[in-house]
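For the protein sequence lines, the chains are A and B, in the order given.
So that you can map any letter, position 237 of the first sequence is 237 in the numbering used here, and since no number is skipped, the others follow by simple counting.
So that you can map any letter, position 26 of the second sequence is 26 in the numbering used here, and since no number is skipped, the others follow by simple counting.
Hints should not be assumed to be uniformly reliable.
[What the hints assert, rightly or not] In silico contact screen, one side only, chain A against chain B (beta carbon under 10 Å); selected entries:
#1 Lys71
#2 Asn78
#3 Glu97
#4 Lys177
[What the hints assert, rightly or not] 25 Å max Cα-Cα, derived DMTMM-like pairs, lysine to aspartate or glutamate:
#5 Lys31(A) <-> Glu109(B)
#6 Lys363(B) <-> Asp98(A)
#7 Lys168(A) <-> Asp125(A)
#8 Lys9(B) <-> Asp98(A)
#9 Lys43(A) <-> Glu81(B)
Derived by calculation from the structure, the hints in this document are not laboratory data.
Computed from a predicted model, the values in this text were never measured in an experiment.
Every residue gets a Cβ at the ideal spot worked out from N, C-alpha and C, and that includes glycine.
Chain residues, written in single-letter form:
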Amino acid sequence: MKHTIIICEGITDRDLISIYLQQVNGYTLTKNTQKFGLDRDQKLLTINKEDNFIYIIPSIGKTKIKTVFEKICDKTKNERNEDNLISKLYVFIDSDEDSQENLISLVDDRITAINKWTDIKIKSDAFNLITIKTILLAIPPYEKGAIERFVLSSFIDNGGEEKRIVNKIEECVETLKDVKYLRKNKENVDNPSNKRFRDKAKVGCLLSILSPDWSTGEMVEKLKQIEWYKLDNFNRLYEKLSET
Amino acid sequence: MNSKEDFYKDITIENFRAIEKLKIEKLTNINLFFGGNNCGKTTILEAIFAHACGFNAGAFFNIVLPKRTQGNYFGIYDMGENIIHLFRIGSNSFEKMKFSINATDYNEEKKQITYEFNPSNILDDLNLNHFNDIHILKNFNNENQNEETNKTPDYLGDIKVSNGSRTKTFPINLNMNFPANTTFKAANYSDILAHRNLLSSMAIYSGMKRSNKLEEFLKDMKDVFPEIENIEVIPFRNNASNLYFEVNGKKIPISLFGDGMRRWFYLIGNLITYKNSVHLIEEIDSTFHPDSMPILVKALYKYSELYGNQIFMTSHNQEFLEIMLNTFKDNQDFLENKIKIFTLKNINNEIKLLSLNGEEALKNIEDYGLELR
């Protein structure tokens with residue numbers, strides 16, 4: 001058995017990664033069999049393909065990634081069953097306005113660089129030294145923002161009708177940026193947290209247009225309607241996952 | 001023993017049964033050896049018992065050997081083989097049949113005991129390498145034995161017991177008669193069926209009655225078995241006597257009760273009767289219903305603290321471990337300092353001893369769902 005963990009920030013990231021791996025790599029959702037000491041709202045998804053198990057954990061907040069990472073290391077340190085050891089760990093972190101150094105410090109200082117594999121060594125009484133191959137991936141990889149910004153940019157970059165839809169949505173939502181619903185930070189309209197809020201709204205609009213039948217349905221059902229593997233940016237972002 | 005100062009702190013076992021070398025550190029009031037079948041849990045209890053017995057080889061041989069076979073042997077060769085297998089024998093050779101147990105107490109007192117077996121030629125058939133062990137053949141002449149012993153047909157060899165500065169040598173015969181000798185610590189070994197020995201139960205009753213502890217014990221026992229109204233020994237007309245539990249006004253012989261109730265009486269009674277002792281208990285969870293386990297573990301801890309008893313016990317039941325740890329969930333001192341869980345595990349053909357305190361074990365179970373066996 002092979003066990004891989006993916007830590008991401010939010011539920012949207014978790015669902016996108018899960019759907020992508022199901023669409024592209026043939027994974028299926030399965031019953032979870034491992035515990036990682038997570039908080040109640042950090043609802044993980046488990047997918048598998050034969051003996052390969054992937055646990056996708058939303059940390060629910062950027063600052064909580066470190067705690068989840070530490071718990072995985074602690075569990076690994078105490079694990080007594082070789083079959084349950086984690087061999088690979090991916091961390092998807094929103095770039096936002098952070099520098100690379102800041103992003104690394106939000107996870108673990110042993111990570112040497114973004115988008116590069118690091119061997120994290122964990123001392124264990126049972127197995128002496130356990131190595132977890134770890135990679136930190138920033139989203140979006142080449143600009144500031146979060147997964148929502150990456151979704152929007154991916155559709156723009158792919159061109160066609162979707163590019164026109166996204167551009168129109170961007171235009172529309174930006175004209176509404178002072179409305180109370182789009183202001184997480186009440187003081188400053190241009191605060192980065194408000195910008196991210198607007199990006200979430202834009203993705204919501206986009207998904208509703210791309211799958212109008214599901215406009216009142218759950219977000220995850222809307223996400224499933226979209227063929228993410230047709231977006232080059234997504235294939236590039238998740239190409240490391242194909243190594244699982 | 002009067003306090004934790006006299007408890008074992010560290011024990012190192014060398015060349016005992018299948019153990020080549022094993023160091024067990026930071027022992028405490030309650031030490032649980034956890035693991036799958038046949039991983040060596042009982043061997044550890046036997047080694048600790050060997051150390052506690054010190055020079056009193058008779059206690060060691062008459063407890064450890066018979067309990068594995070219920071005291072039945074297919075004659076002298078079977079018994080000889082049982083003795084031989086107390087030692088870790090390299091290449092099936094009789095060359096070095098010697099085990100040692102080193103221990104340090106919390107008061108920093110260090111004591112070592114070694115047992116060395118020189119077999120007589122009667123066990124020659126069991127030495128697969130005997131043609132290469134020519135120098136052992138010399139021992140077969142029984143040079144050190146007196147004439148009388150030499151003539152005994154069931155002479156199995158000599159056992160040499162040493163603490164490093166003093167050595168005593170005992171001939172071993174089929175009847176296992178040894179002169180009484182000095183022990184290192186008082187110790188009590190309870191195997192899975194020890195509670196069925198009626199004489200032991202009578203001794204426990206007697207001990208509690210004489211020390212006025214029977215009432216207190218009965219109160220604890222009623223928490224688990226509320227139907228028990230009284231415990232008493234009643235003599236027969238022929239001067240023999242029997243032990244009875246009173247239920248609904250009826251006096252019923254202890255032998256008619258289930259193993260759970262009898263084992264409770266035996267184990268907890270032992271802790272009260274044999275104070276300041278090392279208690280070695282095989283398969284602690286065996287015969288007990290999960291509902292009675294919280295009260296059992298509370299009693300184990302209570303009488304460990306109250307009477308300076310250090311408890312070593314085995315189990316392969318994760319349910320028991322979880323019940324025990326959850327019983328003391330609000331007792332930080334117990335979880336941190338009064339219980340250790342040692343797991344014996346064969347990992348990549350190497351026996352590892354993994355240790356956790358109660359707090360760590362509880363976290364591993366609750367947070368990570370880890371299987372600690």
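We went through each hint and held it up to the structure:
{"no.": "1", "hint": "Lys71", "in the structure": "holds (7 Å)"}
{"no.": "2", "hint": "Asn78", "in the structure": "holds (5 Å)"}
{"no.": "3", "hint": "Glu97", "in the structure": "violated (33 Å)"}
{"no.": "4", "hint": "Lys177", "in the structure": "violated (43 Å)"}
{"no.": "5", "hint": "Lys31(A) <-> Glu109(B)", "in the structure": "violated (54 Å)"}
{"no.": "6", "hint": "Lys363(B) <-> Asp98(A)", "in the structure": "violated (34 Å)"}
{"no.": "7", "hint": "Lys168(A) <-> Asp125(A)", "in the structure": "violated (58 Å)"}
{"no.": "8", "hint": "Lys9(B) <-> Asp98(A)", "in the structure": "violated (52 Å)"}
{"no.": "9", "hint": "Lys43(A) <-> Glu81(B)", "in the structure": "violated (58 Å)"}
Violation of the numbered hints given earlier is confined to hints 3, 4, 5, 6, 7, 8 and 9; the remaining hints are satisfied by the structure.
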